[in-house]
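Q: Let the sequences and hints guide you as you build the complete structure.
There are 2 protein chains.
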Amino acid sequence: MTISFSLQGSSGTARAGTITTPHGPIHTPIFMPVGTQATVKGLTPDMVTAAGAEIVLGNTYHLTLRPGDELIRDLGGLHKFMNWQKPILTDSGGYQVFSLAQQRKITDAGAKFKSHIDGRTLELTPEKAVEIQENLGSDIAMVLDECPPADGTPEVQRNAVRRSLLWAERCQKHHTRADQAQFAIVQGGLDYELRRECAEPLVAMGFPGYALGGFSVGEAPEKMHAALPACAALLPAHKPRYLMGVGTPRDLLIAIGAGLDMFDCVMPTRSGRNALAFTSTGPVRLRNAKHRRDPASLMSDCACYCCANFSRAYLHHLFHTEEMLGPTLLSLHNIAFYLQLMREARMAILADDYTEFARSRLAALQVPN
Amino acid sequence: MTISFSLQGSSGTARAGTITTPHGPIHTPIFMPVGTQATVKGLTPDMVTAAGAEIVLGNTYHLTLRPGDELIRDLGGLHKFMNWQKPILTDSGGYQVFSLAQQRKITDAGAKFKSHIDGRTLELTPEKAVEIQENLGSDIAMVLDECPPADGTPEVQRNAVRRSLLWAERCQKHHTRADQAQFAIVQGGLDYELRRECAEPLVAMGFPGYALGGFSVGEAPEKMHAALPACAALLPAHKPRYLMGVGTPRDLLIAIGAGLDMFDCVMPTRSGRNALAFTSTGPVRLRNAKHRRDPASLMSDCACYCCANFSRAYLHHLFHTEEMLGPTLLSLHNIAFYLQLMREARMAILADDYTEFARSRLAALQVPN
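Chains A and B are the protein sequences, given in the same order. Residue 368 in our numbering sits at position 368 of the first sequence, and the numbers go up by one each step. Position in the second sequence (first residue = 1) + 1000 = our numbering.
FYI, nobody ran anything at the bench for these hints, they're computed from the structure. It cannot be assumed that every hint is accurate.
[Claimed, not checked] Calculated pairs, DSSO-like style, for lysine-lysine (alpha carbon to alpha carbon, straight line, at most 30 Å): (1) B:K1290 - A:K114; (2) B:K1041 - A:K290; (3) A:K80 - A:K41; (4) A:K80 - B:K1041; (5) B:K1290 - A:K41; (6) B:K1080 - A:K290.
[What the hints assert, rightly or not] To be clear about the criterion: a stretch of chain B counts as covered by chain A if any three or more of its residues have a C-beta under 8 Å from a C-beta of chain A, and this derived list gives those stretches: (7) 1071 to 1082; (8) 1307 to 1318; (9) 1349 to 1359.
Think of the CB as a built atom: it goes at the ideal place given N, C-alpha and C, for glycine as much as any other residue.
A: Set out below in structure tokens:
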């Protein structure tokens, strides 16, 4: 198998493992910074590495539109193109077809839609999603799935599960690259029975890893938190479990406790660009006037380049004057903070102390800043 | 004296020297990246250092508007505020009052104007310009001057010289900080006699360094090139000579030959943000479609982080998709290129081979890219 997964410890249902990939190891639980268009927005690969990242995401939908997956293949693949030598996971583009594309028409054959960039008509089939990701050359590729919004009717959810299963089979059949692992995606919304009906056949198909899709798509966080333990338990214990598109530090602490291993979210970079920093005592809004004269670092116990070198007053100034360095420094800190949280969670799991760790960290997140 | 200047060599009228400041040495000829608002746009201080910078500029006008020079003083000065531990030069704000401020009214007393940010009425007198720069704590401060446009009438030019002399005296008298050197500015446009009338009394006043202002303010580059040798010769040989706000790589090669030592310009960073890269064979426009599939680095004999790690195809993609990393990488390269050019010029001067060096580099700049 292209990737392997070993468990080093557990604490309750929380797990500490290692995913071995063609581009090196990933220590779980892990947060994966999002590099939608072959760049983690505002950061050089050196900065992403310095922030502690072991894997980044690439985006099939965006990269096939610009610059094109065949161009990336011809130039030596996504790792070389974006100068990122550690592992890369690519999503299948399904989520973006549902959230970004215009005039989309979904049938069992695939998705037809117009590009949100230039209106070109494009088609994304399960086979095409596999081919694009093989061109990109990611270490982990995702099957094409249908990801309905949280308020989709039971009928919509059932059809998404049926279609996602159909597409997963076609993706598995079409996949050829020996140096790339293909992960399956479980849909089913907040309906446990539907999740089970989706997970069981996928598990029987023997994918090297499994994801929970269709969370954080509009439902209240508490509903997701409540659903995660049972849904995670549907996935094989000896394979990596990936919760897609989630979430806040709170979401991650709860999801790790439920037995999930991998996470991605645009939140740390998008919030960073908008002057919102994550810290161990909750969010800090750097545009707030109270930071104008504050010589303190953003977070006293953070070793990232931003916290080691700059004051809140300086960060406030950068956002106040719309300087590019503000979004860069805060994106860097937020990713470093997420990854530091993952490392600490891993240590707590290895010490079999995760419940207490999560309890105290969740309590600290409520301290007003 | 706060700073000292020593000459290590010369080649014709070109000079290689060292300026010693409270924050370390500067090897001349030197290009100074512009950090208008306490940040070199798009770059971390680590990147500016890696690009080879030995000194950066700060801007009195911008920093007194936001965040305020007293705030910067209270937080430990500009070096600490922006986390730049090498030398800083601050301009006096005169140029910005003339180019940016609204409803300005200039008298011998000083300049009254409205802020271009929020319309506040402000006053900049020679004394105030000194106080602001002492609050900022730069290693080198500039006197307040009047900088007329190139098409200013002889009357306008004469009055600017008269007023700049008056203001230089008041600046010198008001200056108190022992750890800061104050440089004088020679105005006079393209009229040599006027330049001489401005330079002679300033030289008699014994400033530790001298600048030529009022160049690159709308005149044809050739007119500036022709005027520089005689104007540079008006300045003391044993003190640093600074050509303000200039220029292209071609301008710098010619100005070094004329005997100038220090340069600043927004061009490398501003052009970098707009997808224009400087190289030894002339400018490269990365938005141009011909770079779409080009696996070559931007400049083969450049060791900067951009050229060492990314292809022209990737840079084209970053600008095409409006990713922040494009402006960052090209600003970094452009500054590294300017500073590499300065180091090579210095070596050529020390080898007493500057004329041939400049001739071959100027010829190479014409090669189409």
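Q: Does K1290 (chain B) pair with K41 (chain A) here, judged by a C-alpha cut-off of 30 Å?
A: At roughly 25 Å apart (the allowed maximum being 30 Å), K41 (chain A) and K1290 (chain B) satisfy the hint.
Q: Compare the distance between the alpha carbons of K1290 (chain B) and K114 (chain A) with 30 Å, and conclude whether the hinted pair is satisfied.
A: Since the Cα atoms of K1290 (chain B) and K114 (chain A) sit roughly 26 Å apart, the hinted pair holds (cutoff 30 Å).
Q: Holds or violated: K80 (chain A) and K41 (chain A), Cα atoms, limit 30 Å.
A: 17 Å, holds
Q: Going straight from one Cα to the other, do K1041 (chain B) and K290 (chain A) come out at no more than 30 Å?
A: Cα-Cα ~25 Å, so holds.
Q: For the region 1349 to 1359 of chain B, do three or more residues have a beta carbon lying closer than 8 Å to a beta carbon of chain A?
A: violated (count 0)
Q: Are 3 or more residues of the region 1307 to 1318 of chain B near chain A, judged by a Cβ distance of less than 8 Å?
A: Holds: 8 residues of the region 1307 to 1318 of chain B have a Cβ under 8 Å from chain A.
Q: Taking 30 Å as the top limit, are the C-alpha atoms of K80 (chain A) and K1041 (chain B) close enough?
A: 27 Å, holds
Q: Count the residues of the region 1071 to 1082 of chain B whose CB lies closer than 8 Å to any CB of chain A, then report whether that count reaches three.
A: Coverage by chain A holds here, the residue count being 6 at a Cβ distance below 8 Å.
Q: K1080 (chain B) and K290 (chain A) were given as a pair; does the straight-line alpha-carbon distance stay at or below 30 Å?
A: 20 Å, holds
Violation of the numbered hints given earlier is confined to hint 9; every other hint is satisfied by the structure.
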